[in-house]
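What follows is the residue order along each chain.
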Amino acid sequence: MDSALSESRPVPDGPRAPLGDRASNGLKIVVVGGFGVGKTTMVRSVSEIRPLNTEETMTRAGVPTDDTSHVPEKTATTVAFDFGRITLDEETVLYLFGAPGQERFWFLWDRLFAGTIGAVVLVDDRRLDESWYAIDRLEHHGTPFIVARNDFGGPRHSLEEVREALDLDPRVPLIDCDARSRRSSKQVLLTLAEHLQTLHGAHAAAPVR
Amino acid sequence: MNRPGTDDRPDRLYTLTSGRSRPSREDLDLVTLIVAESGPTAGLSSELAAILRLCVHPTSVVEISAELGLPVSITKILVSDLLDAGRATARHPRYTASGRPELDPATLEKVLVGLRAL
Numbered sequence: 001m002d003s004a005l006s007e008s009r010p011v012p013d014g015p016r017a018p019l020g021d022r023a024s025n026g027l028k029i030v031v032v033g034g035f036g037v038g039k040t041t042m043v044r045s046v047s048e049i050r051p052l053n054t055e056e057t058m059t060r061a062g063v064p065t066d067d068t069s070h071v072p073e074k075t076a077t078t079v080a081f082d083f084g085r086i087t088l089d090e091e092t093v094l095y096l097f098g099a100p101g102q103e104r105f106w107f108l109w110d111r112l113f114a115g116t117i118g119a120v121v122l123v124d125d126r127r128l129d130e131s132w133y134a135i136d137r138l139e140h141h142g143t144p145f146i147v148a149r150n151d152f153g154g155p156r157h158s159l160e161e162v163r164e165a166l167d168l169d170p171r172v173p174l175i176d177c178d179a180r181s182r183r184s185s186k187q188v189l190l191t192l193a194e195h196l197q198t199l200h201g202a203h204a205a206a207p208v209r
Numbered sequence: 001m002n003r004p005g006t007d008d009r010p011d012r013l014y015t016l017t018s019g020r021s022r023p024s025r026e027d028l029d030l031v032t033l034i035v036a037e038s039g040p041t042a043g044l045s046s047e048l049a050a051i052l053r054l055c056v057h058p059t060s061v062v063e064i065s066a067e068l069g070l071p072v073s074i075t076k077i078l079v080s081d082l083l084d085a086g087r088a089t090a091r092h093p094r095y096t097a098s099g100r101p102e103l104d105p106a107t108l109e110k111v112l113v114g115l116r117a118l
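Residue numbers (my numbering), protein chains in the order written: chain E, 1 to 209; chain R, 1 to 118.
In case anyone wonders, no lab produced these hints; they're calculated from the structure. Check each hint, because a few of them may be wrong.
Claimed, not checked - Non-contacting residues of chain R with respect to chain E, defined by C-beta distances greater than 12 Å in every case (computed):
no., residue
1, S24
2, G39
3, T41
4, A42
5, S45
6, S46
7, E47
8, A49
9, L83
Said to hold, decoys possible - Here are the simulated SDA-like cross-link-like pairs (lysine to any residue), alpha carbons at most 20 Å apart as the crow flies:
no., chain 1, residue 1, chain 2, residue 2
10, R, K110, E, L199
11, R, K110, E, R22
12, E, K186, R, L108
13, R, K110, E, E48
14, E, K186, E, R50
15, E, K186, R, A117
16, E, K186, R, K110
No residue lacks a Cβ here, since even glycine has one placed at the ideal position from N, Cα and C.
Input sequences plus hints: build the corresponding full structure.
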């Protein structure tokens with residue numbers, strides 16, 4: 001189970017750094033990938049709070065049945081995910097979600113991650129096949145994304161080979177990263193943001209360097 | 001997922017929400033920020049009181065869910081109750097209404113500047 005919920009939930013250790021009172025606009029970025037690829041590690045590297053985890057319990061929506069209508073969600077599916085937070089300015093808060101990419105979790109996306117500004121597909125190049133489905137679904141949803149290869153002790157393939165193996169559109173950025181590093185994880189998010197800027201044709205805006 | 005107590009959770013959750021499985025509001029997002037408009041009062045359930053205490057400062061639905069250890073769907077129902085009662089207000093994300101974000105250049109710039117400042 002790709003979940004921190006299989007471990008006991010830590011008791012909150014006092015008041016968490018609260019948002020400022022003017023905080024009003026939440027944004028979402030999702031880090032998606034297979035089990036153990038480093039999603040939570042990346043969230044932890046850049047989050048201003050210790051990553052939290054929660055879960056969604058849901059029945060498959062819209063399947064009315066006569067015989068179970070009075071049974072309280074006995075057949076509910078539970079999916080766990082981690083998240084962290086980055087305050088961007090007084091009003092704007094970016095939430096980073098680490099979400100499992102396996103096929104059986106994708107019904108989450110419509111319910112939870114609609115409206116995400118973009119996604120990072122985190123890959124392990126020993127297990128690229130675990131990313132195929134996520135990439136396919138992101139393309140289907142029209143969610144902008146980049147691909148970041150996490151460093152597991154030296155790459156086994158060139159980035160060109162990874163791009164080919166993933167059948168990645170040449171316009172989709174593909175970079176190396178070390179999810180344990182704040183600087184590297186920050187660069188991943190910046191690469192996504194710059195990709196969004198490209199997609200939105202915002203190059204006319206004066207770049208801030 | 002073999003935690004002790006897992007089997008009885010649906011019943012507990014069912015009780016918490018008086019058997020409801022949907023919130024009264026469909027517009028609550030994971031990152032909708034909730035702000036308490038009043039403090040907890042006698043008679044309020046411990047969960048609703050805990051939400052009001054958390055939301056002294058703006059707090060997202062997903063953070064409320066994590067802090068209370070409740071699934072997102074249950075959290076949304078409880079938050080909706082507080083909103084309906086006027087005990088809390090919601091600050092909705094500006095780019096999810098259509099389900100497809102339309103990031104304006106100004107917000108995108110905020111993202112870039114904020115991330116570079118990390």
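Cross-check of the supplied hints:
In this structure R/S24 is separated from chain E by more than 12 Å, as the shortest Cβ-Cβ distance comes to about 17 Å. A cut-off of 12 Å between C-beta atoms confirms that R/G39 is not in contact with chain E; the least separation is 16 Å. Against the 12 Å criterion, R/T41 stays outside the reach of chain E, whose nearest CB is about 21 Å from its own CB. Taking the minimum C-beta to C-beta distance to chain E, about 23 Å, the non-interface status of R/A42 holds against the 12 Å cut.
With 12 Å as the threshold on Cβ separation, the claim that R/S45 sits away from chain E holds: the shortest Cβ distance comes to roughly 18 Å. Distance to chain E confirms R/S46 as a non-interface residue, since its nearest Cβ pair spans about 15 Å, more than 12 Å. Non-interface call for R/E47 relative to chain E: holds, since the shortest CB-CB distance, roughly 14 Å, exceeds 12 Å. Distance check on R/A49: its Cβ is at least 15 Å (rounded) from any Cβ of chain E, clearing the 12 Å threshold; non-interface status holds.
With a minimum CB-CB distance of about 16 Å to chain E, R/L83 clears the 12 Å threshold, and the non-interface call stands. Pair hint R/K110 plus E/L199 holds up; C-alpha atoms about 16 Å apart against a cutoff of 20 Å. For the suggested pair R/K110 and E/R22, the alpha carbons sit about 15 Å apart, so the restraint of at most 20 Å is met. Of the pairs offered as hints, the one joining E/K186 and R/L108 holds, with about 16 Å between alpha carbons and a cut-off of 20 Å not exceeded.
The hinted pair formed by R/K110 and E/E48 meets the criterion: a straight-line CA distance of about 17 Å does not exceed 20 Å. With a C-alpha separation of about 16 Å, the suggested pair E/K186 and E/R50 falls inside the 20 Å cut-off, and the hint holds. For the proposed pair E/K186 and R/A117, the alpha carbon gap of about 10 Å is at most 20 Å, so the pair holds. Under the criterion of a C-alpha separation no larger than 20 Å, the hint pairing E/K186 with R/K110 is consistent with the structure, at around 15 Å.
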